[in-house]
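Colleague: Sequence:
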Amino acid sequence: MAQKYRVDNLYEGPIDDEFAEGIRTCNSEGPLMLYVSKMIPAQDKGRFYAFGRVFSGKVRTGQKVRILGPNYVPGAKKDLYIKNIQRTVLCMGRRQEAVEDVPSGNTVALVGLDQYIQKNATLTDEKNDMAHPIKAMKFSVSPVVRVAVECKVASDLPKLVEGLKRLSKSDPMVVCSIEETGEHIVAGAGELHLEICLKDLEEDYMGGAPLKVSEPVVSFRETVTVQSDHTVMSKSPNKHNRLYLIGNPLEDGLSEAIDEGDVGPRDDPKARGRLLAEKWGWDKDLSKKIWAFGPDTLGPNLFVDMCKGVQYLNEIKDSCVAAFQWATKEGPLCEENMRGVRIEVHDVVLHADAIHRGGGQIIPTCRRAIYAAFLTASPALMEPVYLVEIQAPEQALGGIYGSLSQKRGQVIEEMQRPGTPMYNIKAHLPVLESFGFTNFLRAATSGQAFPQCVFDHWELMPSDPRTPDSQTNKLVMETRKRKGSKMEIPPVNEYEDKL
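Position 48, counted from 1, in the sequence shown is what the working numbering calls 228; the numbers after and before it change by one each time, with no gaps.
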């Protein structure tokens with residue numbers, strides 16, 4: 181049984197409690213632990229089966245269960261529902277067979293829980309309030325290609341909203357969101373993936389209502405390349421509080437480690453300190469003072485407290501963390517997420533009276549200070565890069581190299597498959613250049629080459645975004661124009677205050 185050695189990776193709680201023990205032994209008589217991994221659209225429109233696997237215990241028709249969502253914290257009421265399962269069914273090819281109960285080790289589809297589960301969840305018995313959720317699945321790709329969708333006929337808007345909800349349920353990879361501009365954004369892992377999702381959306385979830393789809397848009401990341409050239413200071417609106425910050429780039433490989441979950445906010449501070457000290461040369465005490473990861477409390481940016489003996493610092497910690505989450509979600513260059521930035525708080529001067537240092541005073545101040553620290557640390561833009569695998573015969577190689585170099589691609593390895601005339605080529609290709617690449621490549625090789633793209637990493641763009649007419653500057657301006665911001669990168673003195 182694979183569950184025996186995988187229980188540490190599956191279960192979030194202590195690995196010696198009864199739930200972990202039930203998963204480890206795959207015990208049908210133990211407490212119920214069931215992980216719902218995806219929602220399958222049912223034949224009748226708008227309903228979903230919650231499809232998952234029973235890791236321990238037995239799931240029955242009519243049973244009352246606790247539904248622990250992805251943001252559930254043991255002991256809290258957030259993201260927690262207690263509901264009845266209407267039916268348990270087995271998915272047999274295209275038919276669904278209703279069954280009385282399903283013991284551990286099997287997959288099962290549940291009816292009647294689709295209103296309470298977004299994409300994934302953990303189910304357990306109603307009484308088990310000590311159970312921790314099972315870890316959410318990680319995807320090796322991140323949704324980097326986004327399109328805006330709107331209805332051709334305005335009266336179809338409710339259909340679109342409902343359709344997007346159902347699309348985001350049925351595909352765990354898609355991210356559907358509404359921008360501040362009111363656009364409906366669908367983000368997917370690549371051009372092909374998006375195409376399929378939009379086809380599903382139009383034909384299945386909206387009953388054939390026609391859609392208007394914008395050109396695909398690539399999301400970027402904002403980062404810094406050196407330490408800030410001076411400590412920046414921002415004053416609060418009432419001039420009674422001052423914050424002094426410095427921006428720093430994160431060490432190589434640390435952002436990736438955070439992305440993969442090797443370093444995270446839920447780690448034990450001591451173990452995390454040891455890892456940071458060994459791999460990236462951090463000071464052991466410094467790693468205990470990481471206030472937050474951002475954006476969304478998990479992202480690859482760090483907020484570190486470097487102060488020595490500042491009064492009332494803990495009172496403003498929450499406000500500062502809120503400002504940090506806000507600032508890292510919308511950077512100053514073109515309101516994209518930040519990546520690989522370490523913001524350090526070096527000194528704080530606060531008013532003695534608590535009423536003068538509330539959230540309304542601290543949050544905007546801290547956000548402005550973070551932006552100033554970011555802009556003084558020579559900011560840069562990162563673009564997403566695909567790993568392209570191309571299979572082709574030898575005579576098509578010239579066409580492949582030609583089309584890759586035209587699209588800013590870089591070949592990283594070329595291998596002949598032993599005993600065949602086929603070559604396997606791996607290359608890095610910027611997502612920005614990948615639209616229409618498949619057709620372009622087929623035209624160059626008369627249809628002999630087959631590319632497959634997966635998201636690989638984020639790459640620093642070489643030119644400075646603040647130099648007018650550079651490639652990066654053009655991209656920043658295009659993004660700002662699309663988001664309806666001012667057509668210039670804000671100068672540092674807009675965010676920084678003088679004493």
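FYI, nobody ran anything at the bench for these hints, they're computed from the structure. Glycine residues also receive a C-beta, built at the ideal position from the N, C-alpha and C atoms. Incorrect hints may have been included.
Taking lysine-lysine and the DSS-like style, the derived pairs with C-alpha atoms no more than 30 Å apart in a straight line are [as the list claims (entries may be wrong)]: (1) K315 with K299; (2) K459 with K415; (3) K307 with K218; (4) K257 with K469; (5) K332 with K238; (6) K238 with K379; (7) K244 with K299; (8) K419 with K469; (9) K509 with K218; (10) K587 with K332; (11) K587 with K339; (12) K509 with K315; (13) K238 with K415.
Have a look at the derived ranges for each label pair, beta carbon to beta carbon [as the list claims (entries may be wrong)]: (14) P283 with P352: 48 to 56 Å; (15) Q596 with D281: 33 to 41 Å; (16) G388 with C271: 47 to 55 Å.
Colleague: Kindly confirm whether 33 to 41 Å is satisfied by the beta carbon distance between Q596 and D281.
Modeller: Violated - the Cβ-Cβ distance for Q596 and D281, about 54 Å, lies outside 33 to 41 Å.
Colleague: K332 and K238: Cα distance at most 30 Å?
Modeller: 48 Å, violated
Colleague: Are the Cα atoms of K238 and K379 separated by 30 Å or less?
Modeller: Answer violated: K238 to K379 is near 38 Å, above 30 Å.
Colleague: K307 and K218 were given as a pair; does the straight-line alpha-carbon distance stay at or below 30 Å?
Modeller: 25 Å, holds
Colleague: Given the hinted pair K257 and K469, is their Cα-Cα distance within 30 Å?
Modeller: Holds, at about 29 Å.
Colleague: Take the C-alpha atoms of K509 and K315, compute the straight-line distance between them, and say whether it is at most 30 Å.
Modeller: 24 Å, holds
Colleague: Measure nothing beyond the straight line between the CA atoms of K419 and K469; if it is 30 Å or shorter, mark the hint as holding.
Modeller: With a Cα-Cα distance of about 27 Å, the restraint between K419 and K469 holds, given a limit of 30 Å.
Colleague: Within 30 Å, alpha carbon to alpha carbon, are K315 and K299?
Modeller: OK: K315 and K299 at ~13 Å, within 30 Å.
Colleague: Starting from K244, check that the Cα of K299 is at most 30 Å away, please.
Modeller: 20 Å, holds
Colleague: Between G388 and C271, does the beta-carbon spacing fit 47 to 55 Å?
Modeller: 27 Å, violated
Colleague: Can the restraint linking K459 and K415 be considered satisfied, given a maximum Cα separation of 30 Å?
Modeller: It is violated: about 37 Å lies between the C-alpha atoms, which goes past 30 Å.
Colleague: Indicate whether the distance between the beta carbons of P283 and P352 respects the range 48 to 56 Å.
Modeller: Distance hint for P283, P352 is violated at roughly 26 Å.
Taken one by one, the earlier hints fail for this structure at numbers 2, 5, 6, 10, 11, 13, 14, 15 and 16, listed in ascending order.
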